[in-house]
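Undergrad: Make a model of the complete structure from these sequences and hints.
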Amino acid sequence: MRLDAVAAELRPRNPWEATDLGAVMLRHWPGPVYRAWFALALPLFLLLHLLCWGHWWLVPWLLWWLKPLLDRPPLYVLGHALFGDTPDRRRFWRELPGLLRRQALAALTWRRFDLARSFHLPVTQLEGLAGKARRQRLRDLGQPGRGPAVWLTVICAHLEIGLDLALVALTWMLIPDFVDLEWYELLDDSEPWGQLWLNAVGFCGMSLVEPFYVAAGFALYLNRRTWLEAWDLELGFRRLAARLAPARPVAVVVGLVLGAALWASQPTVGFADVVLDDDWEMDMVKMRCAQSRARMAELAEATDPVRQALAETLRDPELRTCVTQERWRWRERDQPEPPPEPRTSADTLAHWFALGVEYALWFALGLVVAVAGWRLWRLPTIPRGPRPRRARVKPAPLLGRDDPVAPPDAALGEVAWRLWTAGQPREAMRTLYRGSLAGLAIHHGVPVAVGATEEDCLRLAAARLGDSELLEFFRRLTRVWQATAYAHRPPNATGARALCVEWPRHFPTPAGSSP
Amino acid sequence: MSSPVLLDTIRRVETPEGITLNLRVAGPVARALAWGMDSLIRYGALWGLSMGLAVLGWGGFGIWLIALFLIEWFYPVAFEMYADGATPGKKALGLQVVLVNGAPVDWPAALIRNLLRAVDFLPVFYGFGVVAMLISRDFQRLGDLAAGTMVIYRDPPVKPLALPPGPALPPPLALSTAEQQWLIAFAERGPVLNPERQEELAALLADCTSGLQGVAAVERLRAHARWLVGEHP
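Order-wise, the sequence lines are chains C and U.
If you're matching positions, the first sequence starts at 1 in our numbering and goes up one per residue.
If you're matching positions, the second sequence starts at 516 in our numbering and goes up one per residue.
By construction, these hints were calculated from the structure, which means they are not laboratory data.
Built from N, CA and C at the ideal position, the CB exists for glycine as well.
Mixed in with the good hints there might be a few duds.
As the list claims (entries may be wrong) - Label pairs and their computed distance ranges (CB to CB):
{"id": "1", "chain 1": "U", "residue 1": "576", "chain 2": "C", "residue 2": "447", "range": "48 to 56 Å"}
{"id": "2", "chain 1": "U", "residue 1": "726", "chain 2": "C", "residue 2": "115", "range": "47 to 55 Å"}
{"id": "3", "chain 1": "U", "residue 1": "603", "chain 2": "C", "residue 2": "468", "range": "36 to 44 Å"}
{"id": "4", "chain 1": "U", "residue 1": "614", "chain 2": "C", "residue 2": "357", "range": "17 to 25 Å"}
{"id": "5", "chain 1": "U", "residue 1": "623", "chain 2": "C", "residue 2": "421", "range": "49 to 57 Å"}
{"id": "6", "chain 1": "C", "residue 1": "375", "chain 2": "U", "residue 2": "555", "range": "25 to 33 Å"}
{"id": "7", "chain 1": "U", "residue 1": "573", "chain 2": "C", "residue 2": "188", "range": "37 to 45 Å"}
{"id": "8", "chain 1": "U", "residue 1": "537", "chain 2": "C", "residue 2": "47", "range": "47 to 55 Å"}
Said to hold, decoys possible - If we take Cβ atoms under 7 Å as the criterion, some of the chain C residues that face chain U in the derived model are:
{"id": "9", "residue": "7"}
{"id": "10", "residue": "8"}
{"id": "11", "residue": "16"}
{"id": "12", "residue": "115"}
{"id": "13", "residue": "154"}
{"id": "14", "residue": "155"}
{"id": "15", "residue": "169"}
{"id": "16", "residue": "170"}
{"id": "17", "residue": "233"}
{"id": "18", "residue": "236"}
Stated by the list, open to error - Now the stretches of chain U that chain C is said to cover, found in silico as 3 or more residues with beta-carbon under 8 Å:
{"id": "19", "segment": "545-555"}
{"id": "20", "segment": "590-601"}
{"id": "21", "segment": "716-730"}
TA: This is how it looks when you write it as structure tokens:
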């Protein structure tokens, strides 16, 4: 598992939010997940009908019983796709039997009534744990994780039944009046066809809900692990570490890659989406791929440690430079049309009539367009809609929240004054205002939330501060800052000077951190 | 470092002041639970009312029917307008109805989204609503799409930071906001993480902890975090 290749935002969420992440994952990979689901469920559905010939009422029950196995292919796809490794068809079919065999008996018997099934499935399937280790793991993940997972099961069961009934009702609504059918006849399972129809409805409902159930359970599992193992912090720390030490490891990798590139000394063909029609081009590509593979093989057999390391590096899937994929696609329609059949006189008449109607229709369309154009042209130009949207330029954040910052200190007043005298009134006021916010948050415990507006901050400060003088100063500063920032009306020099001088008085430096 | 857009359930809204609000959009599970609670409350109220009005005979039944109509159609509207955009069920799950631009829900929107409940209910049992919610980007059912509303998780009130006590040390270099937040979160979430995991995480930042090992490295990072939240020796 490569945490840095993860395709979803990992942050500690509340469990309901985690199930939403499951829905987002399903929405992002609907094709692969549903293909994996139907790859197993649809053949099974048909096979069960063959096996239970004459007892079709058994099929939905058996299918329901087999759900723990049916859940596995979607989870397999999700688990791989999330870490940037969407499995291709061949690998899926190769690994499917093993996937289904693992702990199948337990899943279908004493664990069938596990109410948190989709939450526990990743432990069995993705971590491959069994027996005591599995129980221990579930206990570790368990306490606050299990409750929402049970609720998820309950809700998905209701969704499934609701959707089944909705499908029946929708069908009934869409049946025209002249078909003599009452709604309850759609629920009649005494005839084999009625039973087959109901089985199909049940299968559709199950197919809609079950992948979501699996995805949501998987997301709950991910969320628990993010809480317990701080995956988000691991990612953050890795990024920070990469920023702090850009020189060493990257240099080694770059060296190796450069070496590899020199060694290859041939332009490599990337994963281009170009469709090669030309046989000659195709042969060229194939030849280069063959050369590159030969070089890999040569490297792999080398005894020289440097070359072995090189081969090791080149084997990394991220450095794989050559992949040949051949696919069938439709030829251009270049077959000659079949010779027209000899026409009868009635045909000719119909042909001319159709042609006439076609021209009339085109003429009518032309007329409509012309009239519309004329009306538009004659229209007075006053009622204009909203201004056309220009390409959005994201404004730089006013408070520059991503700059490296240090906590406020007393020198801030001087810094601001220097900025002011340097002709940067906005920067100066920004420094003061920002410093005040930090000071209020740190020394006075004013809980400034992300996304709070200036008014919000003022209100929070008013509720929290006992010191009326400080509050008055902060209010004055806020107004000045707003005027500067939004109205481009900076204060005059006396006002600015007063603010800069007063600032350190209201936010005294804590001992020990003066510069 | 350029990173691809990660899958998430957040809807970003930018206010005219240039402030970005991250709204956490709520999906089918939480909303179904909230709806269930609201249904219990509604039917409980109607049942209580029917007990009380039974003494009035047919007249009572008439009043009850009117109450049924009002509660069925206007229970959510009233709560969304007068109780911070949340019915009791939504409040219990920390949900809130807002406009898609993050503003509080207004009368037209509240009316539209709740009158169109009837469409979401079609064919029966919210069939269309559930499917729409699973497909649309912000988990909107049809009524939400028509009214321009969405359901979000209310942010919990900001709590003052509670870091374990100890010495504070300035970090050896300037850190961006996100990096500061990681360090502070590391210190704050100490009680949840087991000690080995904390040491593993601290080992990732060997450059920050000047090569300290194990518990010492963890303590060093915590000291930096304390300094970052404004504790000074």
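Undergrad: Could you tell me which of the numbered hints above are not met by this structure, giving the numbers in increasing order?
TA: 4, 6, 12, 13, 20
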